[in-house]
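Undergrad: Here is how the chains run, residue by residue.
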Amino acid sequence: MSNAVEIYELEKTYEEGTRALKGIELSIAEGDFFALLGPNGAGKSTTIGILCSLVNKTRGTVRVFGHDLDRDRAWVKSQIGVVPQEFNFNQFEPVEEVVTNQGGFYGMTRKAAKKRAHELLKQLGLYDKREGMARALSGGMKRRLMIARALVHGPRMLILDEPTAGVDIELRRGMWDFLTQINKQGTTIILTTHYLEEAEALCRNIAIINEGRIVEHTSMRHLLGKLSQETFVLYSRDPVQSLPEMPVQASRLIDDETIEVDLTRGQELTGVFDVLRGHGIVIERMKNKTSRLEELFLRLVQDDDAAINAEERS
Amino acid sequence: MSIRSQSDAFDHQGPGEKAVGLTPRGAWNAFVMLLTREVLRFGRIWVQTVLPPMIMTALYFVVFGHLIGPRIGEIDGVPYIQYLVPGLILMSVITQSYANSVSSFFGAKFARHVEELLVSPMPNWLIIVGYVAGGVARGLTVGGAVTLVALLFAELSVFSVLNLFGVALMTSILFALGGLINAVYATHFDHISIVPTFVLTPLTYLGGVFYSINMLSEFWQQASLYNPILYIINGFRYAMLGISDVPVWSTYAILAVGIVLAYLYVLRLFRNGIGLRG
Chain H
0 MSNAVEIYEL EKTYEEGTRA LKGIELSIAE GDFFALLGPN GAGKSTTIGI LCSLVNKTRG
60 TVRVFGHDLD RDRAWVKSQI GVVPQEFNFN QFEPVEEVVT NQGGFYGMTR KAAKKRAHEL
120 LKQLGLYDKR EGMARALSGG MKRRLMIARA LVHGPRMLIL DEPTAGVDIE LRRGMWDFLT
180 QINKQGTTII LTTHYLEEAE ALCRNIAIIN EGRIVEHTSM RHLLGKLSQE TFVLYSRDPV
240 QSLPEMPVQA SRLIDDETIE VDLTRGQELT GVFDVLRGHG IVIERMKNKT SRLEELFLRL
300 VQDDDAAINA EERS
Chain B
0 MSIRSQSDAF DHQGPGEKAV GLTPRGAWNA FVMLLTREVL RFGRIWVQTV LPPMIMTALY
60 FVVFGHLIGP RIGEIDGVPY IQYLVPGLIL MSVITQSYAN SVSSFFGAKF ARHVEELLVS
120 PMPNWLIIVG YVAGGVARGL TVGGAVTLVA LLFAELSVFS VLNLFGVALM TSILFALGGL
180 INAVYATHFD HISIVPTFVL TPLTYLGGVF YSINMLSEFW QQASLYNPIL YIINGFRYAM
240 LGISDVPVWS TYAILAVGIV LAYLYVLRLF RNGIGLRG
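Chains as they are written, first to last, in numbering that gives the first Met the number 0: chain H, 0 to 313; chain B, 0 to 277.
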């Protein structure tokens, strides 16, 4: 499969001297659901800004579906849909106009753009609001409006910068389903998010960026495979006086109904349940203590920060 | 419904081949959409955009035309109230064309919906042409509305229809481009009123809207010749009344050179992303 995005030695230094990107290399396969993660100020939005032609790069090469961004900029733009982090539509335009106009800017006739706007607004649950002013929409609805606008011209690649920020859980799940569906239809999706469980649930491949450098670029499965220890929280049906010996790395009683167990690779929860059941302890429900990805993410970023500090000291 | 669709608005080239963004038909659709958006924008707020210049013009006619005009008599053989008409119409065209570009584009920058255009395959020249067309639409709409108001107070005559439309169109193009340059540089709302207040209004008032430069002393006559708006207003007055303080060819020369320079300048600003891209 060919690559949707290829980035070589990409650098960006802003006018005031900030080096936002320090020579990043990245490739994203066509049809992928790709996560670009990093702490605030790591360079995610700059990378996306360059891909969308909202930020001028200082150095490096960017190719989209095999076309050089500098050489074929207009063509590259026509292949991309963008959902930025902040609301950037005209709040004083009717909802339908926001989407229809964008179709026009991508060369569609008003009639075709309007038809497609209606289809997308229906899919995203905004059709009833189409004649109202965009400023009257709730935060979640505004996010969905930006997704509709980004899709109106049928892009091959959709870039979403924090698309579910400020969206409640139910709506977020709905957006996940929608994005999964369009990815299955062949649209390459690049996602930045602060909700790491979102990346874990949706994305097949991932890059972690820190201080303008890519510190990890691999598949989600491979990345999660690096996890050597996971912590589970178990909730007992009845009060527990003391914990029996269990075949795990460590276990502790948090309160009389909550147990935490740490499992290393190779250890199984089945053994834990067997021991607990043998001592008359019935587990009603359980959960992961932290997002597995969050744990890895923090470790990678901390390791990278430590490496940068050591480099600076030497 | 499939999310992906092949559009005839795009060029479908394979990797390695030179690929353009919009087809000519797609570019036309994009232009029409941008122009329509601009017209709807100022149409929605007509109370702020169209009505005030009409009221202002009516007041000018009442005060300068009816109250003071009879004491002045005629200028170049034309009653003063009639002499005022071309200048007042063109003053509206100038201010409204400028105001539309500067307020609309700066508003889009401020609210960040200019990004809708910057991420689209519309080339820079097409975005410029779209905004300028919006400015021209407002300038000429208000110019037309002011002409209707003028009909209530004065007898209108047209000496040369071709020159009338030629000068009005080129004037609105030039000042719409000027507004766009102002908007690109502006970073605060204050910045969009500095040029209209401190440059355009004085130059327009001193550009022969209300008088002929032949009424001035030799020094001020010569000084007035450095005001480009003088040439534009006189060119329009020639088109309506057949009288002018300057040759008509100089009107077209000023407008043509101004349009070319302003267009090239704003195109350069867009290409370099000044005030637009990080």
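No wet-lab data here; the hints were simulated from the structure. Treat each hint with caution, since some may be false.
[Said to hold, decoys possible] Not the full set, but computed from the structure, chain H residues with beta-carbon under 10 Å of chain B:
| id | residue |
| --- | --- |
| 1 | K11 |
| 2 | Y13 |
| 3 | L25 |
| 4 | S26 |
| 5 | L53 |
| 6 | Q90 |
| 7 | T99 |
| 8 | Q101 |
| 9 | T108 |
| 10 | G139 |
| 11 | I168 |
[What the hints assert, rightly or not] Quick list of simulated restraints, FRET-style, between CB atoms:
| id | chain 1 | residue 1 | chain 2 | residue 2 | range |
| --- | --- | --- | --- | --- | --- |
| 12 | B | L263 | H | Q90 | 44 to 50 Å |
| 13 | H | Q90 | B | I54 | 42 to 48 Å |
| 14 | B | L263 | H | A306 | 48 to 54 Å |
| 15 | B | V160 | H | K110 | 43 to 49 Å |
| 16 | H | S1 | B | M53 | 55 to 61 Å |
| 17 | B | M53 | H | G131 | 58 to 64 Å |
| 18 | H | E10 | B | R270 | 19 to 25 Å |
| 19 | H | Q180 | B | Y264 | 35 to 41 Å |
[Stated by the list, open to error] Covered stretches of chain B (chain H as the covering partner; in silico rule of three or more C-beta atoms under 8 Å from a C-beta of chain H):
| id | stretch |
| --- | --- |
| 20 | 110-118 |
| 21 | 253-265 |
Only a predicted model underlies this, so the values are computations on that prediction, with no experimental measurement involved. In this text, a Cβ means the ideal position worked out from N, Cα and C, and glycines have one as well.
Undergrad: Now tell me, hint by hint, if it's right for this structure.
TA: Results for each hint:
1. A least Cβ separation of about 8 Å between K11 (chain H) and chain B falls short of the 10 Å threshold, and the interface hint therefore holds.
2. For Y13 (chain H), the interface hint holds, the least distance from its beta-carbon to any beta-carbon of chain B being 7 Å, beneath 10 Å.
3. The criterion of a C-beta within 10 Å of any C-beta in chain B is not met by L25 (chain H), whose closest approach is roughly 18 Å, and the hint is violated.
4. Because the beta carbon of S26 (chain H) sits about 14 Å from the nearest beta carbon in chain B, more than 10 Å, this interface hint is broken.
5. Nearest Cβ of chain B to the Cβ of L53 (chain H): about 6 Å, under the 10 Å cut. The hint holds.
6. Annotation: interface hint on Q90 (chain H) holds; nearest CB of chain B at approximately 7 Å, less than 10 Å.
7. Here the hint on T99 (chain H) is kept, as its CB sits about 8 Å from the closest CB of chain B, short of 10 Å.
8. The interface hint given for Q101 (chain H) holds, since its Cβ lies 6 Å from the closest Cβ of chain B, which is under the 10 Å cut-off.
9. Checking T108 (chain H) against chain B: minimum C-beta separation of about 5 Å stays under 10 Å; hint holds.
10. At its closest, the beta carbon of G139 (chain H) sits 19 Å from a beta carbon of chain B; the interface hint therefore is violated under the 10 Å criterion.
11. With a least beta-carbon distance of about 24 Å to chain B, the hint placing I168 (chain H) at the interface is violated under the 10 Å criterion.
12. Taking the beta carbon of each, L263 (chain B) and Q90 (chain H) are about 34 Å apart, not inside 44 to 50 Å as hinted.
13. A beta carbon spacing of about 29 Å between Q90 (chain H) and I54 (chain B) contradicts the range 42 to 48 Å that was offered as a hint.
14. Take L263 (chain B) and A306 (chain H): their Cβ atoms lie about 49 Å apart, and the range 48 to 54 Å holds.
15. In this structure, V160 (chain B) and K110 (chain H) break the distance hint of 43 to 49 Å, their C-beta atoms being roughly 36 Å apart.
16. Range check, S1 (chain H) to M53 (chain B): Cβ separation about 60 Å, and the 55 to 61 Å hint holds.
17. Between M53 (chain B) and G131 (chain H), the C-beta spacing of about 31 Å breaks the proposed range 58 to 64 Å.
18. Checking the proposed 19 to 25 Å range against E10 (chain H) and R270 (chain B) shows it holds: the Cβ atoms sit about 21 Å from each other.
19. Between Q180 (chain H) and Y264 (chain B) the beta carbon distance is about 47 Å. The supplied range of 35 to 41 Å is therefore violated.
20. Beta-carbon proximity to chain H at under 8 Å applies to 8 residues in the stretch 110-118 of chain B; the threshold of 3 is reached and the given coverage holds.
21. Only when three residues or more bring their CB closer than 8 Å to a CB of chain H does the claim for the stretch 253-265 of chain B stand; here the count is 0, and the claim is violated.
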